[in-house]
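*Asks:* Model the placement of chain U on the given structure of chain C, informed by the hints.
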Amino acid sequence: MECERIQGLLSDYRDGSLPESGHAAVSGHLRECRKCAEVAEGLENTLRLLRDLPPVQAPPELLERILRETGGESPAKPLWKKLFLPAHVKIPIEAAAAILLFLLVYGVQKKEPTPIAPPPPAPRMEAAAPGAEKATRPESPPAREKMAPPRTAAAPKAGPGGRVARRDDGEAGLRGTVESRRYEPRAAPVSGPVAAASSPSVPSQPQSALPAVPVQRASTSAERIEPVSPPAESAGMGAPQRLLAAPPSRLLRPLPYGREVTLEVGAADRPGLEERIAEVAQGLRGSVVREPGTGPADLAEKRPYPEAVRVQLPADSAERFLFEMRKLGTIPPGGVAGWTDLPAGPSPGTVLYTVRIRVR
Amino acid sequence: MEKRVDSGGENGRPVDLLLEAFRQGKPGAFDGIVRAHQDRVYAFCARMLSDREEAMDVAQEVFLSAYRNLDGFREEARLSTWLLKIAANRCLNRIRQRTTRAAREVRIFESETQDGDAPPFQPPAPEEIRPDRVVENRELGRILAEALARLDPDSRWILLLSDVEGFTNEEIAAMAEIPLGTVKSRIHRARMTLRKILAPVV
Chain C
1 MECERIQGLL SDYRDGSLPE SGHAAVSGHL RECRKCAEVA EGLENTLRLL RDLPPVQAPP
61 ELLERILRET GGESPAKPLW KKLFLPAHVK IPIEAAAAIL LFLLVYGVQK KEPTPIAPPP
121 PAPRMEAAAP GAEKATRPES PPAREKMAPP RTAAAPKAGP GGRVARRDDG EAGLRGTVES
181 RRYEPRAAPV SGPVAAASSP SVPSQPQSAL PAVPVQRAST SAERIEPVSP PAESAGMGAP
241 QRLLAAPPSR LLRPLPYGRE VTLEVGAADR PGLEERIAEV AQGLRGSVVR EPGTGPADLA
301 EKRPYPEAVR VQLPADSAER FLFEMRKLGT IPPGGVAGWT DLPAGPSPGT VLYTVRIRVR
Chain U
361 MEKRVDSGGE NGRPVDLLLE AFRQGKPGAF DGIVRAHQDR VYAFCARMLS DREEAMDVAQ
421 EVFLSAYRNL DGFREEARLS TWLLKIAANR CLNRIRQRTT RAAREVRIFE SETQDGDAPP
481 FQPPAPEEIR PDRVVENREL GRILAEALAR LDPDSRWILL LSDVEGFTNE EIAAMAEIPL
541 GTVKSRIHRA RMTLRKILAP VV
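If you read the sequences in order, they're chains C and U. If you number the first sequence the way our numbering does, the last residue is 360 and the count never jumps. If you number the second sequence the way our numbering does, the last residue is 562 and the count never jumps.
One or more of the hints may lead you astray.
Quick list of simulated restraints, FRET-style, between CB atoms [what the hints assert, rightly or not]: (1) C:Cys3 to U:Glu506: 22 to 32 Å; (2) C:Pro19 to U:Thr528: 50 to 60 Å; (3) C:Pro54 to U:Gly432: 13 to 23 Å; (4) U:Gly526 to C:Ala97: 53 to 63 Å; (5) U:Ile538 to C:Arg14: 15 to 25 Å; (6) U:Asn449 to C:Ala97: 50 to 60 Å.
If you want the ones that stay clear, here's a sample from chain U, every Cβ over 12 Å from chain C, calculated [stated by the list, open to error]: (7) Arg383; (8) Arg438; (9) Asn449; (10) Arg454; (11) Arg456; (12) Leu508; (13) Asp512; (14) Pro513; (15) Ala536; (16) Pro539; (17) Ala550; (18) Ala559.
Just so you know, the hints here were simulated from the structure itself, not pulled from any lab data. All C-beta atoms in this analysis are idealised placements derived from N, C-alpha and C, irrespective of residue type, glycine included.
Chain C with its partners taken away, still in its complex shape:
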């Protein structure tokens, strides 16, 4: 009877929740009763077994299943992760796609027949006085001469009252690129697509091929930006007035094209050289346009390239044309500047040569 009571207290005894007197009573009984002592030892061993139960790890499917149900993150990739590629895969693919897109756009633009007429120059808010329009032809000889040095080099030419000259210089500096040199409009109307394409820059000689583009210039001399009508005096000059239109964006601007040849001739051979070049070109089924701006005033500037003839040829006649040019004069070393990275002509199968004439 006593053993049963003692054994009923063994848990409390072991847990230390018995009062002191009860604890002493149980301890005394366990010392005396071997059976109860064995029960107490067995109980202790049982509890040790329970404490030392081997750890159990949840199977990985459990987390997977729970997160699948809750829509949360899961070790098994959720659908959105399966749809999107990892970064190390998608970034090279995107880069390749970007390059392909660029090449596609470039190729399409290259195939489009681009007009010979140059794109309008960069947008220019004319902060000029009313008389400043005199120098609106950036391809006029003085400007062209100064385009080689940078803008700072041309600056000293602008005197105190030389607002026109200064702006000329600035414009020359802006346009001091190969591209601008090859895109000068021509004053002399010529036959063929060259002349037709150059018509927008010569409003006084409308051509049927291309519509005249109304252009306006703007002045920011006042607070408001207002359109400026070209002054009458500039129209009276020998060269046609070039009006500035808002240019298309850089992407829409036609790509530059053409090649350049410098032809050196002696002073004795100079007269009539343009006609001889024209004959060669026409003999090769090409067309020719003489460079503008070859008046006496231009010649007085002692420009290194006072004159030029622009020739458009079938591509297969290019070698023959250069051969003929060597007969007419000397092509100095480096005189054939071929822009290998640019299209040779306005359309595949044509070559545009700008023959610079230099007198020895």
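*Replies:* Chain U only, in chain C's frame:
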């Protein structure tokens, strides 16, 4: 990996960072909660049910229930306590629903208290197993698991909470919503029954 901070004492219990993150809607917070508690919950279920598949089902139910009700969890208890309470209730329900296996549930406790018969459990090679080597002995672990399975479920889960999970009697009384004295007597009876089952090896 485990960011659980809920191992503090009764008072001044640290805030469970994962729980806070879950309530703030941070992604991955519930993932972390599951990772932190899944082993304990699954082990408890496995010991209660003696069936790994069922244990996984119930553990899944426990976490899904927690996922739905975590906003209402007032942190009166530790998150682990709350989860194990859910697990215990689910396990008891599952045991009660076992119609096909109910017959095999040996009511050791009742039979032992009634007639004092020796349990039908006969562990193999008892003479080679010493109590001081039980930790290393996987066979003994299996024997213990089988012995646990022979306990009355109501005593089993209280014994597991007390002597395996380490909850205090007061915590168990709060979880089971029964008087402290009842908890104590149930624990003692379960211990003595288990001792009797394991007597050949301990």
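*Asks:* Checking against the hints above, which ones are violated?
*Replies:* 2, 3, 12, 17 and 18
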